[in-house]
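Chain W is fixed; fit chain Y onto it per the hints.
Okay, here's what each chain looks like letter by letter:
Number of protein chains: 2
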Amino acid sequence: MSASEAERLARVALAMAFEPADPDLARDVAARGAVSVREDLLRTGSRDGNRKDAVARLAAVDPARDLERAQTNGLRFVVPGDDEWPTQLDDLEHAPEIVEGRGGVPLGLWVRGPVTLDSLDDSVAVVGSRSATDYGTSVTREMCGVLAKSRWAVVSGAAFGVDQAAHRGAVAAGGPTVAVLACGADRIYPAAHERLLEHLAEHGAVVSEAPPGASPMKLRFLARNRIIAALTRGTVVVEAAPRSGALNTAGWADGVSRQVMGVPGPVTALTSAGVHLLIRRGATLVSSGAEVLEAVGAAGDHLTVDVRGPERPRDHLSVRQLQVLDALPVGRPSGLDSIARIAGMEAAETARHLADLTRNGFAEKAGAGWRITAFART
Amino acid sequence: MSASEAERLARVALAMAFEPADPDLARDVAARGAVSVREDLLRTGSRDGNRKDAVARLAAVDPARDLERAQTNGLRFVVPGDDEWPTQLDDLEHAPEIVEGRGGVPLGLWVRGPVTLDSLDDSVAVVGSRSATDYGTSVTREMCGVLAKSRWAVVSGAAFGVDQAAHRGAVAAGGPTVAVLACGADRIYPAAHERLLEHLAEHGAVVSEAPPGASPMKLRFLARNRIIAALTRGTVVVEAAPRSGALNTAGWADGVSRQVMGVPGPVTALTSAGVHLLIRRGATLVSSGAEVLEAVGAAGDHLTVDVRGPERPRDHLSVRQLQVLDALPVGRPSGLDSIARIAGMEAAETARHLADLTRNGFAEKAGAGWRITAFART
Chain W
2 MSASEAERLA RVALAMAFEP ADPDLARDVA ARGAVSVRED LLRTGSRDGN
52 RKDAVARLAA VDPARDLERA QTNGLRFVVP GDDEWPTQLD DLEHAPEIVE
102 GRGGVPLGLW VRGPVTLDSL DDSVAVVGSR SATDYGTSVT REMCGVLAKS
152 RWAVVSGAAF GVDQAAHRGA VAAGGPTVAV LACGADRIYP AAHERLLEHL
202 AEHGAVVSEA PPGASPMKLR FLARNRIIAA LTRGTVVVEA APRSGALNTA
252 GWADGVSRQV MGVPGPVTAL TSAGVHLLIR RGATLVSSGA EVLEAVGAAG
302 DHLTVDVRGP ERPRDHLSVR QLQVLDALPV GRPSGLDSIA RIAGMEAAET
352 ARHLADLTRN GFAEKAGAGW RITAFART
Chain Y
2 MSASEAERLA RVALAMAFEP ADPDLARDVA ARGAVSVRED LLRTGSRDGN
52 RKDAVARLAA VDPARDLERA QTNGLRFVVP GDDEWPTQLD DLEHAPEIVE
102 GRGGVPLGLW VRGPVTLDSL DDSVAVVGSR SATDYGTSVT REMCGVLAKS
152 RWAVVSGAAF GVDQAAHRGA VAAGGPTVAV LACGADRIYP AAHERLLEHL
202 AEHGAVVSEA PPGASPMKLR FLARNRIIAA LTRGTVVVEA APRSGALNTA
252 GWADGVSRQV MGVPGPVTAL TSAGVHLLIR RGATLVSSGA EVLEAVGAAG
302 DHLTVDVRGP ERPRDHLSVR QLQVLDALPV GRPSGLDSIA RIAGMEAAET
352 ARHLADLTRN GFAEKAGAGW RITAFART
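Which chain is which? The protein sequence lines are W and Y, in order.
First residue of the first sequence: 2, per the numbering used here; consecutive thereafter.
First residue of the second sequence: 2, per the numbering used here; consecutive thereafter.
Check the hints yourself; a few may be wrong.
Identical copies carry no separate label here, and so any pair may be met within one copy or between two of them.
Subject to a maximum C-alpha distance of 25 Å in a straight line, what follows is the list of computed SDA-like cross-link-like pairs (lysine to any residue) [what the hints assert, rightly or not]: (1) LYS366 to HIS95; (2) LYS53 to ASP63; (3) LYS219 to GLU203; (4) LYS53 to LEU197; (5) LYS53 to VAL36; (6) LYS219 to GLY370; (7) LYS150 to PHE222; (8) LYS219 to ARG131; (9) LYS53 to VAL320; (10) LYS219 to GLY336.
Think of the hints as simulated: they come from the structure by calculation, not from any bench.
Since this is a predicted model, take the numbers as computed values, not measurements.
Chain W with its partners taken away, still in its complex shape (with noise of 0.2 Å):
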């Protein structure tokens, strides 16, 4: 199924004429279709002097042409009616303003790459810190191939640091992996990412509500941020300082009832002081991909055990031995009264189990008593 190609080509005409993620246009969209929406402009014009503006813009646009030469370039735009569509993104119809005047569902998103967006029902958006330090890119890497490995997609912003790694992460595992851009899709930045957005063009998707050629400006960021946050199950934030823009994809994830998760440092990094601070109000810690996987509720396999660190010999014996082992003392030894009394039960049964203990080498018999040895406590 596709959109009507007239609802298609006014969605194109208003989306080169406005600033995108304008949240009035996207409701009265929504509600009457592009189609009357863009005539209505057209003829009436509108009030406000911003608004002016964009109407001549949108007299001026060609959008038959400029969808022609989008694909030329290699790009499509997606609107709602597609197969394409990710109906996830409609839930931004209600989402909070996160960004005072920015929000709404986008009219349409240009996409490069093969990765279909209507696949990213079981994706994760992965983001952080653009100067991240060693350990949140490396713990970001092996996150996002564990992820990848689960056919998990990572989305994520094509920044340095956290998203960077996000993706190479994901491309290394051999999964899907989607950039979301605040420039148009068709542009490269920054410019060092080059061969990495050129991968993802090829073999996953780059993706922008900007019309071609857009410029990355701080508001689009921003507005962005919430396509990131509205496409995935869930954000995880990989360090962040406490201004990080990662925050505000967290709090777009929030505003749509995405999981929001945080990968905790050291107190003493300032690039992690962001990521306590929204633990600390709610966000859920993860400290793995398994754990990612186990909170946006993936099925079956992934769930994760409690971290339970190495076994250990002990492990092997009964509630009743252990009972007596952790009676015996370290160093000089304690007789049998003694370790009866502190174990709470009988003479006769604390020396079975004594026995027991000496016999599989967890306890050694010095003199009249007994203590713990070496390998017990292993």
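For chain Y alone, coordinates are given in the frame of chain W:
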């Protein structure tokens, strides 16, 4: 006020004869008083083999002599009914048994040192791994210094690693600190902490429910942990492997409805894995002494402000100015119309803010357009 001498002596006798933390005995004593429990035990003995041993010891105990000897060694025996009794320990009466077969309100506490137990209303337990990293010990010292400066007592277990750093941090800041031991309060364990324990006995307090001379055994450590947890308003765990005894203390703290707090660390460190587990299960993440004070409900000036990172020049701009600033490109300058469009503002107002921003060094004019300055991005 103080307990009757008969009651105190009966409690001494029971504490000498029975292994500490016997929950049935504690309940019995709470219900009928130690005098009556002791008399009944001596008269009827007990059917249970273990109790029979204890009753035999009970018959041999001379509590007046034991108490006098302890007092000669600088120990006092604090029991319910004494002014010094820390009534918060009574919460242990209804606490779940975190360690099977151990629990209950202590019969009394042997105390060495000038800090009185009834002064520990404002106290926090700080515990953690014996094999702490430099990160763990330095965060602990810093945190306990902050607590001590706010006149909150630091309670810990005098073990290696985090415990030691907790006591030392409090001592260095001139604040009260109390060690609760698993062995007798007159013993030095671990031996390497002789100076620390002597310092605490002179300036703080060394406490134990185990009788003078008692040896440290694992079960006594686990039972001791409930006293650390119940004495204080909350337990902070700094570094703990998944099986660390510190998690047992946190379990007791939760059982008596105290705050449970954890200091996160790198997810790559096994020494922090237990803490992360705790936070995932609902413990509060704390990254500073101020956050600990906030969590335990310290009044007034300890309330933390959210970490915000260093102040930036842009913090002094108005919302409308920021809107224009955020619409400025980094490299190639944009014209007025483009900036106004992105800012979502009329051209006239945009031009006014651009003039201000240029004058204040946030924007610069280049050809027919404007761009953001390096200063504005700091």
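To see whether the hints hold, each was checked on the structure:
1. LYS366 to HIS95: neither (73 Å within a copy, 40 Å between copies)
2. LYS53 to ASP63: within (18 Å within a copy, 98 Å between copies)
3. LYS219 to GLU203: neither (27 Å within a copy, 60 Å between copies)
4. LYS53 to LEU197: Neither: 39 Å inside a copy, 76 Å across copies.
5. LYS53 to VAL36: within (18 Å within a copy, 92 Å between copies)
6. LYS219 to GLY370: Between. Shortest inter-copy distance 17 Å satisfies the 25 Å Cα cut-off; intra-copy 74 Å does not.
7. LYS150 to PHE222: For LYS150 and PHE222, the Cα distance exceeds 25 Å both inside one copy (29 Å) and across copies (43 Å).
8. LYS219 to ARG131: within (14 Å within a copy, 48 Å between copies)
9. LYS53 to VAL320: between (79 Å within a copy, 23 Å between copies)
10. LYS219 to GLY336: between (74 Å within a copy, 16 Å between copies)
In terms of the numbered hints stated before, the structure departs from hints 1, 3, 4, 7, listed from lowest to highest.
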